[in-house]
Amino acid sequence: GNSVTQMEGPVTLSEEAFLTINCTYTATGYPSLFWYVQYPGEGLQLLLKATKADDKGSNKGFEATYRKETTSFHLEKGSVQVSDSAVYFCALSIQGAQKLVFGQGTRLTINP
Amino acid sequence: DAGITQSPRYKITETGRQVTLMCHQTWSHSYMFWYRQDLGHGLRLIYYSAAADITDKGEVPDGYVVSRSKTENFPLTLESATRSQTSVYFCASSEVLGGGETQYFGPGTRLLVL
Chain A
198 GNSVTQMEGP
208 VTLSEEAFLT
218 INCTYTATGY
228 PSLFWYVQYP
238 GEGLQLLLKA
248 TKADDKGSNK
258 GFEATYRKET
268 TSFHLEKGSV
278 QVSDSAVYFC
288 ALSIQGAQKL
298 VFGQGTRLTI
308 NP
Chain B
2 DAGITQSPRY
12 KITETGRQVT
22 LMCHQTWSHS
32 YMFWYRQDLG
42 HGLRLIYYSA
52 AADITDKGEV
62 PDGYVVSRSK
72 TENFPLTLES
82 ATRSQTSVYF
92 CASSEVLGGG
102 ETQYFGPGTR
112 LLVL
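Protein chains in written order, with my numbering: chain A, 198 to 309; chain B, 2 to 115.
Fair warning: there could be bad hints in the mix.
Claimed, not checked - With a straight-line cut-off of 30 Å between C-alpha atoms, the simulated DSS-like cross-links for lysine-lysine are:
no.: 1; chain 1: A; residue 1: K296; chain 2: A; residue 2: K257
no.: 2; chain 1: A; residue 1: K296; chain 2: B; residue 2: K71
no.: 3; chain 1: A; residue 1: K253; chain 2: A; residue 2: K296
no.: 4; chain 1: A; residue 1: K249; chain 2: B; residue 2: K58
no.: 5; chain 1: A; residue 1: K249; chain 2: A; residue 2: K265
no.: 6; chain 1: A; residue 1: K253; chain 2: B; residue 2: K12
no.: 7; chain 1: A; residue 1: K274; chain 2: A; residue 2: K257
no.: 8; chain 1: A; residue 1: K274; chain 2: A; residue 2: K253
no.: 9; chain 1: A; residue 1: K249; chain 2: B; residue 2: K71
no.: 10; chain 1: A; residue 1: K296; chain 2: A; residue 2: K265
Hints were generated in silico from the structure; no laboratory data involved.
Excised from the complex, chain B in its bound form (with noise of 0.2 Å):
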């Protein structure tokens, strides 16, 4: 199905365990994004990309990496995982016309960091 999927759904992890989200979109959209969702803070920006190859920063940067070799996936790596990034994923992609631009965000993955 076109759209934008995120894998897994749930992930359980331990302290210090490297973890990789997935998310790939099948619209060949230019912008990715990726946001963490916690109680009280609504949804902050953690990386963006604008294309292949280029990534940049968001709000909420420290502890995360991610890469994009090709347009469609935008994996996200949490290297060494702490409880404080116990949280629910979003990934989102957006294309670029005038302004103004959707994102579309996928289903989110709950992660539990022990």
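Bound-form chain A, shown alone (with noise of 0.2 Å):
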């Protein structure tokens, strides 16, 4: 079946440190990969995405690369600020099907 395993959290860190979240993922066919970030109170929202092997999306600072070999799509971002605080989620969805199948979330904290 089709799978998404995040990094557990949560995960704390200062500000301007440099953050990974890993993601993996298992998939019949050609998923295509997301970012979704959710801060307090609100609706998830698109970070990024990619949607065939060796693509790069990036957004706000956010990059993640769709590496086929290994699996993986790890979210980075080289210096994160205190406003970067939220959940973020992984997700994949298959060619020709809408649904997207979802990490668990990782929540992430962002000290002054």
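Quick one: dock chain against chain with the hints and give me the complex.
Structure below.
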């Protein structure tokens, strides 16, 4: 079946630290990969995505590269800010299917 | 305002009561989805709809009913609420393109079943 495994949280970092949140997947077919972010009290919103192997998604200083050989889509940011505190979800969808399969989410807290 | 809205934002009900959560989108997206979010489980798909009058089960459909008579609305009904249905419910929508479509989420409904 299709599944997403995320690095367990919570993760706590100091401002300006380097961030990595690991995400690996199992999928039949050719998945598209996503990172969604959920700020406190809000719904999820798309942070970045990649639709084929070796694509790099980027947004707001965050990056993730679609690695087919390691079935991974790790989220990175070089220098985090307090405003990046949120829950981050890795997800996949299979081509031709609109449904998303989510990881469990990783809560990130950035201290000033 | 354009976008996807949910109502109510907060709801407290009692076991056995029927509850309907509303979802409305203004983009005319073909697909709509209902998820529940629980600690330790991430988001799990309850039901989804590919178009008006077309619905299908997701991962956790038991105890829920949906309908979609109009493209823009996708209500979720708990026919007889149970405590295990206490959760945060999110509605989402997406277009149909070539693949990798973004889903757009509403702000959520926080439901407490006593």
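We went through each hint and held it up to the structure:
Restraint check: the Cα-Cα separation between A:K296 and A:K257 comes to about 25 Å, which is no more than 30 Å; the hinted pair holds. Taken as a hint, the A:K296 and B:K71 pair is honoured in the structure, with Cα atoms around 20 Å apart against an allowance of 30 Å. For the hint linking A:K253 to A:K296, the alpha-carbon distance of about 22 Å falls within 30 Å, and the restraint holds. At most 30 Å may separate the alpha-carbon atoms for a hinted pair to count; A:K249 and B:K58 meet this at roughly 28 Å.
At most 30 Å may separate the alpha-carbon atoms for a hinted pair to count; A:K249 and A:K265 meet this at roughly 9 Å. Between A:K253 and B:K12, the direct Cα distance comes to roughly 41 Å. Violation of the 30 Å bound is thereby established for this hinted pair. For the hint linking A:K274 to A:K257, the alpha-carbon distance of about 9 Å falls within 30 Å, and the restraint holds. For the given pair, A:K274 sits about 13 Å from A:K253 by alpha-carbon distance, which is consistent with the 30 Å threshold.
Our distance criterion of 30 Å between C-alpha atoms is broken by A:K249 and B:K71, whose separation comes to about 34 Å. Distance check on the hinted pair: A:K296 and A:K265 sit about 20 Å apart at the alpha-carbon level, within 30 Å; holds.
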